[in-house]
Amino acid sequence: MISELTPLAPSDIRARTRPLAIVYVYLAELAWALLIATPVHAWARRVWGNHPDGDAVLWLPGGRDLLTWIGGEDAALGVVSRATLVLLVVGTVAMQVPLGALLASLSFSREGFPGSAPRSPRARTALHVGISAFWSMAGLLVLGTIAGGLVVGVGSLASSAVDHALSDRLGDARTFQIRVVLLALFVLLACIVGVIVDLARAGVARETCLAAMRGSSASGWTMLLRGLRVAFSVIRRSFRTAVLAWAWRAVVSLVLVGIGYVIAQAIGGKGGTMLLLLWIAHQAIVVARVALRASWLARAVGLVAAVQNAREAIAEAQPTEPG
Amino acid sequence: MELRALARCVAVVLIAGAAAGLPLRPSAAQSGPPAPSAPSAPNVAMAEHAERVVDYTLRAKLDPALHTVHGEGTITWRNVSRASVSELWLHLYLNAFKNQSSVFMRAPIGGFRGSVVPKEWGTIDVRKLTWLDGAEKRDLWSTVELRRKDDDDETDAHVPLPRAVSPGETMTLEVEWDDKLPAIVERTGFDGSFHMVAQWFPKIAKLEADGTFAHFPFHHLGEFYSDYGSYDVTVDVPEAFTVGATGPATEAKVEGGRRIERHVQSDIHDFAWTAWDKFVTKKETIDGVACTILYPPSYEGHAERELATMRFALPYYGARYGKYPYGVLTLVHPPASAPEAGGMEYPTLITTGSPWFTPNGANFPEIVTIHEFGHQYFYGLLGSHETKWPFLDEGLNSYAETDAMRAWKGPSNAIDLLGLGIGDVESQAERARHSVHDDRVAQPAYAFGTGTAYGALVYSRTDALLETLRRVYGDAAMQQMMGAYARRFRFQHPVPQDFISTVQRELGNDAGELVRASLFDKGWVDFKIEAMSSHVVRAPAGLFDVGGKRETVPADRETAGKYAGWVLVIKRGTLTVPVEIELIADDGTKTRVPWDGASESMRVPYSGTSPLHSAVVDPDKRILLDQDPTNDFATAPGRSGGGAPRTLERATYWAQLLMSAVSP
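Order-wise, the sequence lines are chains C and R.
With the working numbering applied, the first sequence covers 1 to 323.
With the working numbering applied, the second sequence covers 324 to 987.
Check each hint, because a few of them may be wrong.
[As the list claims (entries may be wrong)] Computed beta-carbon distance windows for the label pairs: (1) V79/C with T681/R: 31 to 41 Å; (2) R237/C with A563/R: 57 to 67 Å; (3) N366/R with V255/C: 58 to 68 Å.
[Claimed, not checked] The calculated lysine-lysine pairs, modelled on DSSO-like cross-linking and capped at a C-alpha distance of 30 Å, are: (4) K851/R with K270/C; (5) K472/R with K711/R; (6) K605/R with K732/R; (7) K885/R with K851/R; (8) K601/R with K384/R; (9) K732/R with K270/C; (10) K913/R with K270/C; (11) K503/R with K460/R.
[Said to hold, decoys possible] One side of the interface only, derived from the structure: several residues of chain C facing chain R at Cβ under 10 Å: (12) L60; (13) D168; (14) E316.
Think of the hints as simulated: they come from the structure by calculation, not from any bench.
For each residue, glycine too, the CB sits at the ideal point set by N, CA and C.
With the hints as constraints, model all of the structure from the sequences given.
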């Protein structure tokens, strides 16, 4: 099936041409999120489900029942917390497969009927690429998390040191402001690490697919390194373009979360129709965020494809060594 | 630390019911915990002044580089007991920080403030203690017993007198001493150039009516107990320093590079002061009281929040507990590096605190401020023995705090942020729930095994108890009771029985017993719906003679549209609290049934036109003492409750957001 794929030209890579891929990713994410929510939901249902108002009592002003629930000595709290954390971590790793599939879907097309436009790769084919690229993608996730964590950690230490050094001289407020700005700079740096990792993911997915099309094979580690190499090339050549392309979408995503908060405040959603409305609103926000993420990844794939294409062109232009 | 006209009507009905010995029976229109009614003054006489027992005329000179205070002056003390006194006891509480042999330092207590070893030790060294006995000057310090046998604590000094002091006789003492302030610990000390000077002078222990002294070493969990009197204190600090002190500054001058301020205040039982060269000052007269707030640079936002708190609290507390009798109030917001100095009360001076970035909606500065201000009443004006009966100041004051916060900010008065609404009293009740069986509430501070139990029981359990009383007996009745207690015992030294008697008098014997058992007997209560049943009403089967004819009524003949059932509610624990049970039918009809809570269980009968769906004990959440609110409800067999759809929706959404933060 992979053989039917054709790499798209960078200018043709658009998230909007892959709505089904976006929906599949959203559904995969929703399914896992439901799994993550299951322990806490089961616990809430066991404790409060028999109340005529159900768990709505947890959200009454004053929060007495909420405090009773969370602050109680119920052994379930530990079990639920651990199970939720494990599911979250496993889910984050497992989601590298749909991520790889999405990237493959964004990067390639297959021939349409004669005379018609190229079509999206089959879901099965994209999924196959996602599975093939899993180890490289998971490796990138681990590396990215470590690198981002280190950057934020160093930022925390630096801001703490600034706090100790300046608080006597500048006062708490000014020192705190400097500390926040410093920490924000490090968080921004961590975001740039994230951008590089996304570019590397795009490179890995594309390389994995191209290798399969050529019938060649390479280890996950090799693919990961190739992905990182191309990501750094992109950053060297198009740092501003890449960061801006990620940044505006990230800002819109955050705004959407804010809108979700405002909607939740307005609707309340303790139960019945209002809760259904809130669920729809929240899911609409999640879909929009997935679409924004896909849009950014499409841009990342385009930047990566441009670099990879240029490299291939250079390689092809080099004269063959005389025998 | 921790709403109007209709509630007043409700409360009147409830009081009338309670007074008549009737079980509590609010109508459906009165559902929900009672809202605070507008404060009104109980018709109880209130002393204008305290009995003047001891006057301190002192002069204190601060060396901010060495963190020392040199003090000198006179103490005039009157034997107001009915017995001759042949000894004095002096509290030298700065010696609590002298070494690790002090009672304070060696107490194996964690879980509360002051649990760290100070970075610099603190001491108080008395240089002179002379009795001006007529023309004769008698040196008392040479015979002092600073320590007990096998005890290195030096906070409680015994001073034998060369002759007895008769009842009514006054003695004048000349005193001189040197303080070395500790690095900030347990409310006192220094941090850089910030100085919080408390428990800093030799202080005569409280004289009891029988001629004995209520003296005690400074304990980790204990606070203070003193006689009322007048303080005339002159504070001498470098010119660049700003001073905040108990009482108004009657004189202030700058002389030879020194700032010298004289503060005079009567009807108080302690004196504290602070000095810092970085204080920013803001002043405002609120409800006739000159309020001064001293705060670190750039804490303008906090200063405004704390002043706003006082704009609410001064008139509110005045109406509830009697007018604040002093002309001044100083609020001190310590620097962030000295949080141990924050959250403390002294007469007319309180310390607040919270981080600079505390957002609006996280009402911690407001709670700390209102709590410490409340101590002007429950410690300042009602001078109970804080170490022996800590619930009388911290417990009652915690109730005053949560009551005021609710009246001011509504039910979500502790946190109202990002959709999360948490009440001060609810968090206190939750904290208390975990320590109910551990210890008695009414016991000396030093008898508590841990600081956690002390905090949970003294502060939180007392608060939950009194809030339960308020919700059960009504806001107006509670206001009357607390107001009567605060007024009747103003400028006195009330003991637990004074409070319990007031509860009995104002709310009835049942309430008095509830309070007594909760405080002294580790009283607890847990209501639980044990079982319930609902069925169609069936006509009795058999042969019946009706109108001269014999009719056979077959079994299982249903009575159209009639259902019956019952709910079995059990009460676990030792307390008797009236409560309501709400029965909810399938068609949504709700019926409230009152229960006096005196027996161990009650089978609540049900009859209606629809099957019984569910039942809830204490539907208005009045009983904050309820040990386990998760067993207060049940659904009938075959019926289901509301489930947990909102938790599922929220948890799913948050999981989606979390996952997308890392990858799609």
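The hints, checked one at a time:
The given range of 31 to 41 Å is respected by V79/C and T681/R, whose C-beta atoms sit roughly 34 Å from each other. At roughly 59 Å, the beta carbons of R237/C and A563/R sit within the given window of 57 to 67 Å. About 59 Å separates the C-beta atoms of N366/R and V255/C, a value consistent with the hinted range of 58 to 68 Å. Among the hinted pairs, K851/R with K270/C is consistent with the structure: their alpha-carbon atoms are about 25 Å apart, no more than 30 Å.
Taken as a hint, the K472/R and K711/R pair is honoured in the structure, with Cα atoms around 23 Å apart against an allowance of 30 Å. Taking the CA atoms of K605/R and K732/R, the gap is near 24 Å; set against the 30 Å cutoff, the hint holds. Restraint check: the Cα-Cα separation between K885/R and K851/R comes to about 27 Å, which is no more than 30 Å; the hinted pair holds. Between K601/R and K384/R, the direct Cα distance comes to roughly 19 Å. Compliance with the 30 Å bound is thereby established for this hinted pair.
For the given pair, K732/R sits about 23 Å from K270/C by alpha-carbon distance, which is consistent with the 30 Å threshold. For a cut-off of 30 Å, the pair hint linking K913/R to K270/C stands: about 20 Å separates their Cα positions. Between K503/R and K460/R the alpha-carbon distance is near 28 Å, which keeps this suggested pair within the 30 Å criterion. Of the supplied interface hints, the one on L60/C holds, with its beta-carbon coming within about 8 Å of a beta-carbon of chain R, less than 10 Å.
The criterion of a C-beta within 10 Å of any C-beta in chain R is met by D168/C, whose closest approach is roughly 7 Å, and the hint holds. Restraint check, E316/C versus chain R: the minimum CB separation of about 34 Å is more than 10 Å; hint violated.
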